[in-house]
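Peer 1: Going letter by letter, the sequence shown gives residues 3 to 49 in my numbering.
Because the hints were derived from the structure by calculation, they are not lab data.
Bear in mind the structure is a predicted one, so any value in this text is a computation, not a measurement.
Watch out, some of these pointers could steer you wrong.
As the list claims (entries may be wrong) - Each pair of labels, with its calculated beta carbon distance range:
id	residue 1	residue 2	range
1	I9	A30	30 to 36 Å
2	K6	S27	38 to 44 Å
3	K4	Q31	38 to 44 Å
4	V28	K6	41 to 47 Å
5	I9	Q31	31 to 37 Å
6	I10	A30	28 to 34 Å
7	S25	K4	32 to 38 Å
8	K4	A32	27 to 33 Å
9	L11	A32	28 to 34 Å
10	K4	A30	28 to 34 Å
11	I9	Q29	41 to 47 Å
12	Q5	A32	28 to 34 Å
13	Q29	W8	32 to 38 Å
14	I10	Q31	27 to 33 Å
Positions of the beta carbon are idealized from the N, C-alpha and C atoms, including for glycine.
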Amino acid sequence: MKQKRWIILPVTLAFLLILLFFSLSVQAQARPTMGLTPTPTPTKTPT
């Protein structure tokens, strides 16, 4: 049963990394005007 711990550690690390990337992507999507996008998002596209 000691091998279970070797499986839990990398899984938790991967889960934390995924949470980090997810939170970063959510913040980038929620606030597009933080210097990441120099051009304003075209909300009104003239057709």
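Peer 1: Tell me, which hint numbers fail for this structure?
Peer 2: 2, 4, 8, 10, 11 and 12
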